[in-house]
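Participant: So the chains spell out like this:
There are 2 protein chains.
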Amino acid sequence: MTIEMDQKALWSCSYGLYIVASCHEGKANGQVANTVFQVSAEPPRIAVAINKENYTHELIEKSGVLSISVLAVDTPMKFIGRFGFRTGRDLDKFEGVETMEGNQGCPCVTENAVSIFEAKVFDSVDVGTHTVYVADVTSGKVLSDKEPMTYATYHQMKGRAPASAPTYQGPTPEKAPTYRGPESEKKD
Amino acid sequence: MTIEMDQKALWSCSYGLYIVASCHEGKANGQVANTVFQVSAEPPRIAVAINKENYTHELIEKSGVLSISVLAVDTPMKFIGRFGFRTGRDLDKFEGVETMEGNQGCPCVTENAVSIFEAKVFDSVDVGTHTVYVADVTSGKVLSDKEPMTYATYHQMKGRAPASAPTYQGPTPEKAPTYRGPESEKKD
Chain A
61 MTIEMDQKAL WSCSYGLYIV ASCHEGKANG QVANTVFQVS AEPPRIAVAI NKENYTHELI
121 EKSGVLSISV LAVDTPMKFI GRFGFRTGRD LDKFEGVETM EGNQGCPCVT ENAVSIFEAK
181 VFDSVDVGTH TVYVADVTSG KVLSDKEPMT YATYHQMKGR APASAPTYQG PTPEKAPTYR
241 GPESEKKD
Chain B
61 MTIEMDQKAL WSCSYGLYIV ASCHEGKANG QVANTVFQVS AEPPRIAVAI NKENYTHELI
121 EKSGVLSISV LAVDTPMKFI GRFGFRTGRD LDKFEGVETM EGNQGCPCVT ENAVSIFEAK
181 VFDSVDVGTH TVYVADVTSG KVLSDKEPMT YATYHQMKGR APASAPTYQG PTPEKAPTYR
241 GPESEKKD
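Line by line, the protein sequences give chains A and B.
Under the working numbering, the first residue of the first sequence is numbered 61, with each subsequent residue one higher.
Under the working numbering, the first residue of the second sequence is numbered 61, with each subsequent residue one higher.
These are calculated hints, taken from the structure and not from any lab test.
Wrong hints could be hidden among the right ones.
Copies of one chain are not kept apart here, so a pair can be met inside one copy or by any two copies together.
Stated by the list, open to error - Using 25 Å as the maximum straight-line C-alpha spacing, the simulated DSS-like pairs for lysine-lysine come out as follows:
| id | residue 1 | residue 2 |
| --- | --- | --- |
| 1 | 218 | 122 |
| 2 | 68 | 87 |
| 3 | 112 | 68 |
| 4 | 206 | 112 |
| 5 | 201 | 68 |
| 6 | 206 | 218 |
| 7 | 68 | 206 |
| 8 | 122 | 68 |
| 9 | 180 | 122 |
| 10 | 68 | 180 |
| 11 | 87 | 218 |
| 12 | 87 | 138 |
| 13 | 218 | 68 |
| 14 | 201 | 180 |
| 15 | 138 | 122 |
| 16 | 112 | 201 |
| 17 | 112 | 180 |
| 18 | 138 | 68 |
| 19 | 122 | 206 |
| 20 | 180 | 87 |
Bear in mind that the values here come from a model prediction, so they are computed numbers and not experimental data.
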């Protein structure tokens with residue numbers, strides 16, 4: 061029996077929700093991402109997939125450094141939307157947001173974060189629309205004992221928020237590597 | 061202020077729980093993994109980190125193909141242990157386990173699986189103890205509408221299981237890229 065190609069099979073993979081930030085020559089930006097994974101313990105290394113069109117991708121390409129904030133389960137949708145739908149090329153996404161300057165000189169978002177860590181790019185793979193960065197973790201700090209937000213929980217919360225709410229904004233779904241297509245958005 | 065290096069910051073990353081299988085020239089093996097993630101939607105590509113010491117790693121290196129089963133939240137610990145602690149070099153891990161032969165000729169574990177998909181290696185990154193494989197998804201099938209098992213839930217369940225139970229076996233933690241060290245095991 062041949063197995064068909066049903067992309068829905070991929071939807072049951074589990075993810076967290078993160079803000080990935082970077083900076084270069086005085087410019088900084090951050091974006092929502094769900095594809096952050098630890099890939100080795102000794103030395104501590106992580107992998108993250110970032111869309112090539114995103115400003116954060118440009119900054120990581122130039123500087124080779126990034127910071128990651130693990131979002132808490134009670135992170136407001138509005139906060140996630142701030143780092144999701146809009147581009148940091150035209151505005152400072154960090155304005156009014158609690159951050160601390162990391163050892164690498166880039167902002168680490170501490171607001172709504174369970175933990176933060178910094179990383180330096182070790183290698184990367186061009187996977188088409190996205191680049192998978194493998195990076196050495198250079199610092200880490202636990203900020204809270206709250207549960208982390210999972211991608212599944214985020215989708216549930218997004219589904220409950222009224223689509224007409226002017227404050228409602230989710231992460232740019234069409235740029236996510238796990239984008240489920242317009243039809244699936246209605247089901248979330 | 062300098063950010064120290066607290067590896068616990070990485071523990072709040074979220075993962076699912078999977079069986080990754082491969083085969084080569086009549087030999088097949090599968091292992092538990094938590095680091096499976098989708099890295100692009102068009103074309104559908106995934107990444108997975110596999111410990112170089114594992115037999116499954118050897119088979120993927122030789123054949124370039126793998127299958128992934130997304131485990132359901134109610135997967136028994138004993139089933140997970142079957143694919144975790146033991147090496148497939150000495151025994152057939154698939155004996156008595158429900159599988160189907162995939163299009164690539166390797167077994168896909170269907171027992172306790174929410175979905176299965178097959179993938180062909182596209183690129184890889186040597187990250188030290190592990191290899192991160194980036195692979196094109198070639199087939200996919202949804203098997204159940206159950207919730208997927210998350211790595212967090214697995215750790216909770218493992219904590220509740222009596223350590224003295226002869227049937228109790230978890231995935232080889234010291235080989236996981238997200239290994240938390242002997243001290244942390246006591247806290248799980």
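Participant: Now tell me if each hint is right for this structure.
Facilitator: These are the hints, each one checked on the structure:
1. Taking the closest pair of Cα atoms, residue 218 and residue 122 never come within 25 Å of each other, the shortest separation being 33 Å inside a single copy and 43 Å across copies.
2. Taking CA atoms no more than 25 Å apart as the test, residue 68 paired with residue 87 passes in neither setting, with 38 Å inside one copy and 29 Å between copies.
3. Within a single copy, residue 112 and residue 68 get their C-alpha atoms as close as 24 Å, which meets the 25 Å cut-off; across copies the closest is 30 Å, which misses it.
4. Proximity of residue 206 to residue 112 under the C-alpha cut-off of 25 Å is found in neither arrangement, the shortest distances being 32 Å within a copy and 34 Å between copies.
5. When the C-alpha separation of residue 201 and residue 68 is checked against a cutoff of 25 Å, the pair qualifies only between copies, where the shortest distance is 7 Å, while the shortest distance within a copy is 36 Å.
6. Taking CA atoms no more than 25 Å apart as the test, residue 206 paired with residue 218 passes in both settings, with 20 Å inside one copy and 21 Å between copies.
7. Proximity of residue 68 to residue 206 under the C-alpha cut-off of 25 Å is restricted to the inter-copy arrangement: shortest distance 13 Å between copies versus 30 Å within a copy.
8. In this assembly of identical chains, residue 122 and residue 68 lie within 25 Å of each other by CA distance neither inside one copy nor across copies; the values are 35 Å within and 28 Å between.
9. When the C-alpha separation of residue 180 and residue 122 is checked against a cutoff of 25 Å, the pair qualifies only within one copy, where the shortest distance is 12 Å, while the shortest distance between copies is 31 Å.
10. For the identical chains of this complex, residue 68 and residue 180 are inter-copy neighbours only, at 18 Å across copies versus 33 Å inside a copy, given an alpha-carbon limit of 25 Å.
11. Taking identical chains as interchangeable, the C-alpha atoms of residue 87 and residue 218 are never at most 25 Å apart, the minima being 30 Å within one chain and 45 Å between chains.
12. Proximity of residue 87 and residue 138 under a CA criterion of 25 Å is satisfied intra-copy only: 23 Å inside one chain copy versus 51 Å between copies.
13. With identical chains, the CA atoms of residue 218 and residue 68 are at most 25 Å apart within one copy only, with a shortest distance of 19 Å there and 29 Å across copies.
14. For the homomeric pair residue 201 and residue 180, the shortest alpha-carbon distance inside one copy (16 Å) is at most 25 Å, but the shortest distance between copies (37 Å) is not.
15. Taking the shortest Cα distances, residue 138 and residue 122 never come within 25 Å of each other, neither inside one copy (29 Å) nor across copies (48 Å).
16. Neither within a single protomer nor between protomers do residue 112 and residue 201 lie at most 25 Å apart by alpha-carbon distance, with minima of 28 Å and 29 Å respectively.
17. For the identical chains of this complex, residue 112 and residue 180 are neighbours both inside a copy (18 Å) and across copies (23 Å), given an alpha-carbon limit of 25 Å.
18. Neither within a single protomer nor between protomers do residue 138 and residue 68 lie at most 25 Å apart by alpha-carbon distance, with minima of 28 Å and 28 Å respectively.
19. Taking the closest pair of Cα atoms, residue 122 and residue 206 never come within 25 Å of each other, the shortest separation being 34 Å inside a single copy and 43 Å across copies.
20. When the C-alpha separation of residue 180 and residue 87 is checked against a cutoff of 25 Å, the pair qualifies only within one copy, where the shortest distance is 17 Å, while the shortest distance between copies is 39 Å.
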